[in-house]
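Protein chains in written order, with the working numbering: chain Z, 1 to 250; chain V, 251 to 437; chain W, 438 to 860.
If you're looking for bench data, these hints aren't it; they were derived computationally from the structure.
If you're wondering where the values come from, they're calculated on a predicted model, not measured in any experiment.
Don't be surprised by glycine CBs; every beta carbon is placed ideally from N, CA and C.
Worth double-checking, as some hints may not be accurate.
Which residues of chain Z face chain V? A few of them, derived with a C-beta cut under 8 Å, are [said to hold, decoys possible]:
hint: 1; residue: R59
hint: 2; residue: G82
hint: 3; residue: M145
Here are the computed distance ranges between Cβ atoms for each label pair [what the hints assert, rightly or not]:
hint: 4; chain 1: V; residue 1: L279; chain 2: W; residue 2: R520; range: 25 to 35 Å
hint: 5; chain 1: V; residue 1: W394; chain 2: Z; residue 2: A70; range: 46 to 56 Å
hint: 6; chain 1: Z; residue 1: R235; chain 2: V; residue 2: A423; range: 54 to 64 Å
hint: 7; chain 1: Z; residue 1: T64; chain 2: V; residue 2: A272; range: 50 to 60 Å
hint: 8; chain 1: V; residue 1: A272; chain 2: W; residue 2: R519; range: 35 to 45 Å
hint: 9; chain 1: W; residue 1: V792; chain 2: V; residue 2: V411; range: 50 to 60 Å
hint: 10; chain 1: Z; residue 1: G35; chain 2: W; residue 2: G446; range: 19 to 29 Å
hint: 11; chain 1: V; residue 1: A375; chain 2: W; residue 2: D447; range: 11 to 21 Å
hint: 12; chain 1: V; residue 1: W394; chain 2: W; residue 2: E817; range: 28 to 38 Å
hint: 13; chain 1: W; residue 1: R519; chain 2: V; residue 2: T350; range: 42 to 52 Å
hint: 14; chain 1: W; residue 1: Q726; chain 2: V; residue 2: V376; range: 50 to 60 Å
hint: 15; chain 1: Z; residue 1: E136; chain 2: W; residue 2: L545; range: 51 to 61 Å
hint: 16; chain 1: W; residue 1: R449; chain 2: Z; residue 2: T169; range: 25 to 35 Å
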Amino acid sequence: MDDALPSLRAVDVRCRYPPGTVDVVDLDELALGPGATGLVGVNGAGKTTLLLTLAGACRPQHGTVTLDGADLYGRERRELVGRIGLMPQSLDLPGELRVADALSYVSWLRGVPRRVAGPRERELLETVGLGPRRHERVRRLSGGMRRRLVLASALVTEPAVLLLDEPTTGLDPEQRAGLRALLLDLPAATVTVLSSHVMEDVERMTARIVVLDEGRVLHHGDTTAFVAERGGPERSPELAFLATLARGRA
Amino acid sequence: MSSRLAVLRAWGAPRTLLTALALAGAVQLAASTYVGLPAFAAEIPALDLAAPAAALLLASPLVDQTPDLTLRAVRPLWRVLLLRYAVVQVAGTLVLVSLTLTAWTLARALVLVVFLAGSAVTVAAVDAWFWVPVLAASYAWLWWVQQRGAHGSDVALTSAVAALVLGGLVFVAAGTWRVHRSRCPRR
Amino acid sequence: MTRTFVWLGDRRTVVLTFAGMLLAGLVPVLSHGTDWLGSWKLALDRGTFSLTLVGPVAAGVACTAYVRLTTSGVEPLVQTARRPWWPWLRPALATWCLAAAAVLVTTLGVTVAAQAAGSAPFPRTLWVLVPALCVLAAQVAVGVLLGGLGRRRWLAPVAAAATFGLGVLGAVGVIPEVFRTGGLTGSYAGETFDVATHLLQAGAALGIAAGLLTLSDRAAVWRSLGARAVVLVLVLGGGACYVALGRGTHETTRPLADPALVCRGQAPRVCLARETTRPLDDLVRRMEQQAVALTEIGIELPPRWVQHRPGAPAGDGDGALELFVEEELAGEVSDETVARSLATPADCPAYRGDVPPPEASFDTRRLLARWLLVHAGLLEPGADDQDRAWLASGTDEQRPWVLGTYDRLRACRLDELRLPAGV
Numbered sequence: 001m002d003d004a005l006p007s008l009r010a011v012d013v014r015c016r017y018p019p020g021t022v023d024v025v026d027l028d029e030l031a032l033g034p035g036a037t038g039l040v041g042v043n044g045a046g047k048t049t050l051l052l053t054l055a056g057a058c059r060p061q062h063g064t065v066t067l068d069g070a071d072l073y074g075r076e077r078r079e080l081v082g083r084i085g086l087m088p089q090s091l092d093l094p095g096e097l098r099v100a101d102a103l104s105y106v107s108w109l110r111g112v113p114r115r116v117a118g119p120r121e122r123e124l125l126e127t128v129g130l131g132p133r134r135h136e137r138v139r140r141l142s143g144g145m146r147r148r149l150v151l152a153s154a155l156v157t158e159p160a161v162l163l164l165d166e167p168t169t170g171l172d173p174e175q176r177a178g179l180r181a182l183l184l185d186l187p188a189a190t191v192t193v194l195s196s197h198v199m200e201d202v203e204r205m206t207a208r209i210v211v212l213d214e215g216r217v218l219h220h221g222d223t224t225a226f227v228a229e230r231g232g233p234e235r236s237p238e239l240a241f242l243a244t245l246a247r248g249r250a
Numbered sequence: 251m252s253s254r255l256a257v258l259r260a261w262g263a264p265r266t267l268l269t270a271l272a273l274a275g276a277v278q279l280a281a282s283t284y285v286g287l288p289a290f291a292a293e294i295p296a297l298d299l300a301a302p303a304a305a306l307l308l309a310s311p312l313v314d315q316t317p318d319l320t321l322r323a324v325r326p327l328w329r330v331l332l333l334r335y336a337v338v339q340v341a342g343t344l345v346l347v348s349l350t351l352t353a354w355t356l357a358r359a360l361v362l363v364v365f366l367a368g369s370a371v372t373v374a375a376v377d378a379w380f381w382v383p384v385l386a387a388s389y390a391w392l393w394w395v396q397q398r399g400a401h402g403s404d405v406a407l408t409s410a411v412a413a414l415v416l417g418g419l420v421f422v423a424a425g426t427w428r429v430h431r432s433r434c435p436r437r
Numbered sequence: 438m439t440r441t442f443v444w445l446g447d448r449r450t451v452v453l454t455f456a457g458m459l460l461a462g463l464v465p466v467l468s469h470g471t472d473w474l475g476s477w478k479l480a481l482d483r484g485t486f487s488l489t490l491v492g493p494v495a496a497g498v499a500c501t502a503y504v505r506l507t508t509s510g511v512e513p514l515v516q517t518a519r520r521p522w523w524p525w526l527r528p529a530l531a532t533w534c535l536a537a538a539a540v541l542v543t544t545l546g547v548t549v550a551a552q553a554a555g556s557a558p559f560p561r562t563l564w565v566l567v568p569a570l571c572v573l574a575a576q577v578a579v580g581v582l583l584g585g586l587g588r589r590r591w592l593a594p595v596a597a598a599a600t601f602g603l604g605v606l607g608a609v610g611v612i613p614e615v616f617r618t619g620g621l622t623g624s625y626a627g628e629t630f631d632v633a634t635h636l637l638q639a640g641a642a643l644g645i646a647a648g649l650l651t652l653s654d655r656a657a658v659w660r661s662l663g664a665r666a667v668v669l670v671l672v673l674g675g676g677a678c679y680v681a682l683g684r685g686t687h688e689t690t691r692p693l694a695d696p697a698l699v700c701r702g703q704a705p706r707v708c709l710a711r712e713t714t715r716p717l718d719d720l721v722r723r724m725e726q727q728a729v730a731l732t733e734i735g736i737e738l739p740p741r742w743v744q745h746r747p748g749a750p751a752g753d754g755d756g757a758l759e760l761f762v763e764e765e766l767a768g769e770v771s772d773e774t775v776a777r778s779l780a781t782p783a784d785c786p787a788y789r790g791d792v793p794p795p796e797a798s799f800d801t802r803r804l805l806a807r808w809l810l811v812h813a814g815l816l817e818p819g820a821d822d823q824d825r826a827w828l829a830s831g832t833d834e835q836r837p838w839v840l841g842t843y844d845r846l847r848a849c850r851l852d853e854l855r856l857p858a859g860v
């Protein structure tokens, strides 16, 4: 991996939710480089916890997460977290806020300098298709529109690392195609992790894939090869996933 | 400017300032009214209700409406919390000024600062449920004022400043600690 | 439990909410100290008075629950239910149940404590809890309305403040006192709760509750014919009660037609209202101690001393017990009160009439009371006291004045009362 390009590494990471004693995430090592990586797994596999940990929002009980070699939970935490964009499944934005204000607030909280914040926010709202709705209250947005606002919030810092938790949930086919185009438009150096249940999205949008089960990585490799090798004669991504899961559990 | 306004809107500052203005107006209207509450032996000035009302109605910016975002804030958290505390105290100042324009002395009106500092401390302790202890404390305070009389509830300037600083410190420290605890669960 | 309280939070939150309501309710209950230990009816009154804060807290909790419900996206499910008013009103019912439990536990606690402290119980007056719980329903409905329509989390303290404010508005007479429960500044000696006033209050409160709950989601509550009929009856009936309550004076208590007395002691015999017998033994002991001075000089004491009760006529020949409210409720009375009572061998109509008794009668009774205290060894006249010389003179010198004065006091000839020469 090129030293100049961003890289996100999780080493010997164990996460659990006290008082629970079971590790929700249990990784020996996971290195993520530029380009899009799909993160797949059944419900409760630990995808969201792993994303929160990689985003600097939830320190693991054990192990380290580094961005370009610097500890994400160390002294440089604030500076590093500013370089990571997270699109959670839902964002608790006050419903009475207007769309533009909500994005401005996120932008302020995420430390975006004022001189660049305004133009960037306008551009992002246009990009995600919320430009005409910038004065609408957040609570008036449909589920899909809210998802797009959350995506804009994740992109507001022009992050070097973009973590997307179920980004296509609630999006119609047109919006999904738009999201795909948006991901393709991201700078090539951006480390993107896309967690999803929709294998078709993962196959189309990502170059590499990580299969997670009970917090452990069952597979990490090239997406096309993954589907080709394990997807059977139909080259089905679902089949590839199920086969990996069965093999890992066996 | 617009981003600053957006931040204030996200905290509910315009609403809080409007509420403060309404309270300030109510203070002028009720300046010479006395209220006989059940079980109270003597009537109390309606103005005595101003500080508890402010503590209940002006403290909402202290409650974090976006905890998930705060968890990933890049701005120094103590500064964010301090600004939210400042918004509340500034709103309270409107009511304070209104109180001093009545027959109340500054020393009597300063109890409002103490009440708002108290709200900050209770937010630090119980977050969005701050109003439950504040409500109970307000009633106890009204009772105490009725027993002590007008001058019994005077607050020295130094005490008010101490409460202001202490309330802010507790609020910021507790808020920072709470976010740290969420970010970094026990090992 | 889980299904009923689901919108209030998990089990831990429900328990904490209940604890919060209980603690908040104790603040007004204990604001007077524990004077209610001296009267079971007052303890019951104080139990319902806990609503002063339990009600606003319940309103805030209800507001929070309805904000949660309306922002959770289940509203379409509510609207498509067979009886949509039921899932809509369930969080309100849960909040009401929790708050009602807090009020009942508080009331049970204070009444049991009062009984344990020696106050006679009056379980038949427990009906007063019913109108109190109707008021609680109206208070909860305020929170439901704000949460259901406002749908913002910060409205919870607003709901609490508004509910408390309704009580204040009632207290200053802007609206009828629908939201006031308990908080009497008396002892309930010879009194009981007024049924008519409480009935009107309950009716008005139920009407308000029904109206506010309907406004909180008309589509859900107003849909079925049965629900509509119930709401209409409650709102119209409540409106009538509200108007009636706002007209004229409506006391929450009324004097008992035939108040029961508990008497102890022989010389003198002392009788207190059955509601406030806590200080009786102490009173008898102190009266016996001080009455010796009177009997020694040959005065025949009244057959008994009776506590004054509002509305009750004074018995012929009975002495009047002049107790302060705090003393009626406490375990002990002061020697000064006892002396003042012994110096009131008849409950003269002039003592409670519109025209005050002659000025000299006050001085005379005061001197007689001081004489009793000095003779019982409970008072040493001060060097500057004008009556010092007379109080220090011998009994033979004092007897004619004491005999004459006592005779006039028993006959209520207050105009003839005079101070001894030189005082």
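Here is how each hint holds up against the structure:
1. R59: Hint on R59/Z: holds, closest Cβ of chain V at ~4 Å, below 8 Å.
2. G82: holds, 4 Å
3. M145: Given a least distance of 18 Å, the restraint on M145/Z is violated.
4. L279/V - R520/W: 25 to 35 Å: violated, 45 Å
5. W394/V - A70/Z: 46 to 56 Å: Because 55 Å falls inside the window, the suggested range holds.
6. R235/Z - A423/V: 54 to 64 Å: Between R235/Z and A423/V, where Cβ atoms are some 57 Å apart, the hint holds.
7. T64/Z - A272/V: 50 to 60 Å: holds, 53 Å
8. A272/V - R519/W: 35 to 45 Å: Distance hint for A272/V, R519/W holds at roughly 43 Å.
9. V792/W - V411/V: 50 to 60 Å: holds, 57 Å
10. G35/Z - G446/W: 19 to 29 Å: Taking Cβ atoms as reference, G35/Z and G446/W lie about 43 Å apart, which means the hint is violated.
11. A375/V - D447/W: 11 to 21 Å: With a Cβ separation near 20 Å, A375/V and D447/W satisfy 11 to 21 Å, so the hint holds.
12. W394/V - E817/W: 28 to 38 Å: holds, 37 Å
13. R519/W - T350/V: 42 to 52 Å: Given a distance of about 59 Å, which is not inside 42 to 52 Å, the answer is violated.
14. Q726/W - V376/V: 50 to 60 Å: Given about 55 Å between the Cβ atoms, the range holds.
15. E136/Z - L545/W: 51 to 61 Å: holds, 53 Å
16. R449/W - T169/Z: 25 to 35 Å: Holds - the Cβ-Cβ distance for R449/W and T169/Z, about 30 Å, lies within 25 to 35 Å.
When the structure is compared with the earlier hints, violations turn up for hints 3, 4, 10, 13 and for no others.
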